[in-house]
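J.: Residue numbers (the numbering used here), protein chains in the order written: chain A, 1 to 505; chain B, 1001 to 1337; chain C, 2001 to 2352; chain D, 3001 to 3324.
No wet-lab data here; the hints were simulated from the structure.
Nothing here was measured: the structure is a model prediction, and the numbers come from that model.
Hints may contain errors.
Unchecked claim - To spell it out: a stretch of chain D is covered by chain C in this simulated footprint if at least three of its residues, at any positions, have a beta carbon under 8 Å from a beta carbon of chain C; those stretches are:
#1 3028-3038
#2 3137-3148
#3 3240-3247
#4 3282-3292
What the hints assert, rightly or not - With a straight-line Cα cutoff of 20 Å, these simulated DMTMM-like cross-link-like pairs (lysine to aspartate or glutamate) come out:
#5 LYS420(A) x GLU402(A)
#6 LYS2279(C) x GLU3203(D)
#7 LYS1191(B) x ASP365(A)
#8 LYS3032(D) x ASP2148(C)
#9 LYS3032(D) x ASP2227(C)
#10 LYS144(A) x GLU3203(D)
What the hints assert, rightly or not - To give a feel for the contact side, a few chain D residues facing chain C, derived at Cβ under 8 Å:
#11 SER3041
#12 LEU3043
#13 TRP3045
#14 SER3158
#15 GLU3203
Every residue, glycine too, gets a C-beta built ideally from N, C-alpha and C.
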Amino acid sequence: MVIPMGEQVPLVKAVGLYKAFEGVDVLKNASLDLLPGEIHALVGENGAGKSTLARIIGGVHTPRAGTVQVNGRTVHFHRPCDAIAQGIALIHQEPLTFPDLSVAENIFIGRQPRRHGRIDWNAVHREAAEILESLGVKIDPRAKVRGLSIADQQMVEMASALSQHAKILLMDETTAALTPSEVERLFGILRQLRDRGAALAFIGHRLEEIFEICDRITVLRDGEIVGQRLTKETSIDEILRLMVGRPLAALFAKDVKHAIGSIALETRRLTCAGQFSDITLQVRAGEVVGLAGLVGAGRTEVARAIFGIEKIDAGEIRIGGQAVQVAGPRGAMKKGLALVPEERQRHGLLMPMSVWQNTTLAIVDRLARFGWRRDAMARDVARIGVKRLDVKLRGIDQPIRELSGGNQQKVVLSKWLATKPKVMLLDEPTRGIDISAKAEVHRLVSELAAEGMAVLMISSDLLEVLAMSDRILVMREGRIVAEFPREEATAERVIAAATGQVLRE
Amino acid sequence: MNEVLATGRRTVPRWMATPESITAALLVVAFGVSAAFVPRFLDAAYLLDRSSLYMEVGLMALAMTFVIVAGHIDLSCASILALVGTSIATLHVKLGVPLLPLVFLAPLLGALLGGINGVIVAQLGLPSLVVTLATMALYRGLAQVLLGDHSVSLPAWFTGIERVAIAGTLLPVPLVLFLGLAVALGLVLHKTVFGTWVFAMGTNAEAARYSGVPVAQVTISVFVMSGVFSAMAAMIMISRLGVARYDHALGLELDVITAVVLGGASIFGGRGTVTGSVLALFLIAVLQTGMGVANVKAEYQATASGALLIVAVLMGNCFARFRKWTASKGEGSCSGS
Amino acid sequence: MFRKLTLLLFLVTGTTSCQKREAASNPGTTSVAAAASGPVRVVYIPKNTGNPYFNGVVAGLEKGCKELGAEFFTTGPANPDATSQIPFIKDQVQRGVNVICISPNSSDALNQVFDDARTRGIKVVTVNTDLVGNESHRDAAVYPCDFDTLGASQIELLGSLIHYEGRFAILSSTTDAPDQNYWIQGMKEALKNSKYTRMELVDIVYGDDKPQKSRTEAEGLLTKYPDLRAILAPTSVGIEQAAKAVEAAGVYPGGANARGRGVVVTGLGTPNQLRRYIKDNIITAVALWSPPDEGYVSAYVAVGLATDKITAQTGNSFDVPGFGRRGFGKNNLVIAGPPLIFTKDNIDQYNF
Amino acid sequence: MNNRWRLVEVRELPTLALWVLICAVTALVQPKFLTAGVFRSILLWIPLLVVVAMGEMMVMLTRGVDVSVGSMMGLAGMAVGIALRDHPGIGVYGAMVLGIALGATLGAVNGLLIAYGNVPAIVATLGTLGAYRGLVHIVSRGVQVDEYNLPRELGRWSIDGPFGQTLVPWVVVFAILAAAGTLLFLRFTRVGRDIYAIGGNPEAAWLRGIPVRRVTFLVYVLSGLGSGLAGVLYASRFGTINPAAIGSGFELIAISAVVVGGVSVFGGSGTVAGVVLGCLLLGTISTALTVLNIADAWQGTTYGLVILVAVIFDHWMGTRFRKA
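Assemble the whole structure, with the sequences as input and the hints as a guide.
T.: So this is what it looks like as structure tokens:
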């Protein structure tokens, strides 16, 4: 489909961008135009390449091939400051703040207003206050950022981007942590900017939001651009279809035929100050419980608390009907828990080490005799894991960093399967992995449940949650706010519960 | 330098670029050059005798390899040596405690001092650099408080362990002890569960914790090890010198760290071998011995040692970049086809 | 492989060029080839390099060895730690020297290395500092002057400067420096003499021969004893810092803040170091023996022992040109000469 | 309330309290502690430390460490001494410029290795600690420069001040200027703020377009510069420049002062006032130990304890704020 461009010259024109990380292509031949006076949405599943595309334009990554033009001139960004100099502001997924500096400084760092060659602090504070005022947030510009909520930090970053008077603004999932009223306020600002002729790119997951604010939507899938639509000419269904690339029915769904057993994991009024409170949930053997909610709702923290990483202030955890004290991940492991963490590279893997070492890290002591490692046995375990999950590699001695994201995730899963757990906590198990690996993971989860394992699955991928869960719990602002059995769960109801909106049916 | 590296790029096989092989090659050449050009260098009795000067550093370097591979650093090891040495000597000479049981008590004292480091680092999550910098001053200060500027002499039967040779050979006891412990610790680091945990922790402490590695215990253990080995080094040093003083091994932590880093360990953790540290220790010993017999002045030796440390790390970085460069080339050609 | 070889070559050339430079800076040193019948080879190992005192000793040794046709060179550690001299001794033994002259950093930690050297026929002569209590581990010792009477002569010098009246403190080096303690003991003995009854020793502090520490201690004395009449510092680092302290505080005799007749500083120090203070009237008089003379006598002892012309035995004596006969006293101790006293009038005659 | 003019932050209050406590206890035990002489002694003790600690502070703010400061100070001081001895024509101010420039050059070598050579700061500066100290011995040929080799004027800096021979000699003025300069630099220039930002969140600093390498390079140059100035001041204060003595072990004292002064061991926070206070505290402790006749042996112990207490206290304060 050809979309009329009108007479406008794009502010940013990216042509044929390629990018690969650790040998995995994350962006293939991506081209994008950002027009002045337009809000342009980039949508796609996790790992589709949206962030990478934005980061190339923002100077964070250098593409392996392709060019970026700004105002019709080809530019070569080697570092973020090159892009900033061209009037491009990029707001990152996670707020990038300096905890010990004041809010005003966080907004103006590197660009503080000066007078007579020295920083004019009065101007810094005054201008910061003005920008925050325009965003409608009540944050003291002199306060330190340490201690602000994620949403406030996100607002500080937004303020920083606005203070640059950037002509090009790229927002990477900026609204994930914001409340609906904050989102509304933000959208007001974005419309103003658009009307002043700025080009905005908006990456998001909530399609309703995107349809509300964006003029044009580009859909990415597996690193490629698969479609571009004007918002007024398309529908959510069409965009969803483009994102997933197949009819929704083809998504792997959990096999619900087998019986669900007794309670394997239970928490009672679990509370962790500042993170979550009063979490009471049960997961039965053979059951997959989905934990849905917005980013920052406290889901990851609940999983970490159960696994003994986060300290619990109140409440209890029961495993197999017994109240237990979980002293750290090691203790949790001994009690039959396993956690596949959200941040695979940071928390799940030892990147320079081989596949077999990673696979057997959690059970290296179990495989040992008198403290001596038995590598032959460990390698056998790794081979079994690789085979069961169909990990694609040259050999089990290959360093894990050379594997693709999906295969890395499979190794994390096989590491935890090797511990023979009774309860599996999966935190965003399919984030950033390709479709086939995703299906593989879903098949495995279904298989494990059929074998009688209890699974608690945190996922921001609504389709995944709906397809895989026997029951769905929804968290908002640190509390469980809704529970739906499989039959009653719909996307609309889950979203409504997660965002706290009243749904009229 | 750059030219050398540039021309060498395509000719060096990957295995040769491993840090230990660089150290080994440097050792061979340093030895060869010293033997060829320095008169009276090649004298087994002399070399073995002089090797005793490095055994204290060597013992501490073995444990420091664990500390550094685990992603930490222990600047206090030489101070632990001094404090253990002065404490044991004081207990014996001033309070009349029999020396033999004290020799076995020494590692316990070392373990305690190392354990203090470990607990502060592990439980409070403070950087080991700052914590051990503080205990470096603290332990050395306590030794000074204990003994002032006096030296305490030890009984004749205890002194001179470095002159005792293993029966029928010229090999002095400290050297044999060091080599034996090096083999043992090499096996521990590279073949046991504990060693695996040390590597896992140094590579990515968070991921290791998530994978059930008892990170706190491993942290404390490596510092305790460092303390124990420093205590053993203390016993050898006071036996070798016949006296205990608070300023024994002053500044020796630099030599220890130099040996470990020169042996290819990454100061950020996750990389390093006992073999590398041992080779690096002998490299330092050969260089200093060669320069000493050649009458090179002490100040040139100091400058050379400092430069050697930096050059070793820079070379490591160059190799890493080279490897990355070849890897990216490979990646480029693969996906281009 | 090529890369590594080139690098090693670089290292090697680096090492050899160091050697060359080393040889160039010491023109008196000839090739290192060791021949049994060649000239006597004497090495001197000072406490540490960079200590000006030992540069005087080196000059004297060099002169003496040259006259006697012996080969002389010096090497030493950068820091005066108890153990820092050990590798240097071992290396010199291996290089096959005939005599090791040394100012030992420890009176007991070096015994074993000395024994080793002596079993190989190498003579060990301690210079300036002796192995107190371990004299059997060396062949002979050379003292620059009679240490038995030094303490008394220091008290006499001090007394003459303060008219035998007033409170004074001693600023020493380290708490267990044997010589310092021996002298201080001598001073205390001398103070019992009725001539000094109106002089009172109020404190002994230790500056560890470190400038910062010595300075702090000297300033501490001025604070603690407002009526202090003198600081006696029998150490070259200490006396300079004491002089600086009284200068900075302006309490030297005639100074702006001097109470009464001011604070006198005296003790032991080299003329070069103290020239300015003496010329500025901050210090009136200071004593020291002559380090070059000490080195010169040491050279005669060293070469004489190595060639068996002298036997180290109490009562034996030998000739040193310009010094007359010198003899081995108790414990084979040789005394180089009497102490010198430097004042404004004679200081320009000395350069060490 | 305008907190930008608040000189003392909350973190520094305990340090201040500790300082007052030490002064009080010492004065009670030894009333002579409260005399002008002691005050002067402390004032003369700390300028060297302040000058070095300013540079070390900036390094530690970026999460780095510079353990070569003592050796840089030694090399710069020795070069100044040799220059004044062998070429008196350059004059004391010429020598001062030489010392500072040499210090900055030595710091630049560290900076190059760390910022552009990717050598970890601790390894690079440990290496130069040894190498520079060796160079001190090499350039001096092991011979110290004596007081009489140096022009009078240099020594007078430690005695005379802008108001004559008063309590505030020139070396103190230099230290005050160095501290004030650092304060203004850190507070009123963008680069100064970048230093805090880099330490606070290095990744964010890069993504926000801060030239991380250039700033990192700069802090090591500044650390060298401070050490160079300290070398000049050393020559003035002690007169004798001994290759083994000048600046050796100074890195421990400087790092102690910075840590005690409240600079976070994780980088990103800390104030000039705090570090000056840290210097004052260490100087006071050192002088108090002397005045109280406590054996010098306790000095190391005290420093070690003070650092430990400071970092543990920071941790205790910080646990309430630190994110998981």
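J.: A separate judgement is required for each hint: does it hold in the structure or not?
T.: Taking the hints in turn, this is what the structure says about them:
| no. | hint | in the structure |
| --- | --- | --- |
| 1 | 3028-3038 | holds (count 6) |
| 2 | 3137-3148 | holds (count 9) |
| 3 | 3240-3247 | holds (count 5) |
| 4 | 3282-3292 | holds (count 4) |
| 5 | LYS420(A) x GLU402(A) | violated (27 Å) |
| 6 | LYS2279(C) x GLU3203(D) | violated (61 Å) |
| 7 | LYS1191(B) x ASP365(A) | holds (12 Å) |
| 8 | LYS3032(D) x ASP2148(C) | violated (37 Å) |
| 9 | LYS3032(D) x ASP2227(C) | holds (12 Å) |
| 10 | LYS144(A) x GLU3203(D) | holds (19 Å) |
| 11 | SER3041 | holds (4 Å) |
| 12 | LEU3043 | violated (11 Å) |
| 13 | TRP3045 | holds (7 Å) |
| 14 | SER3158 | holds (6 Å) |
| 15 | GLU3203 | violated (34 Å) |
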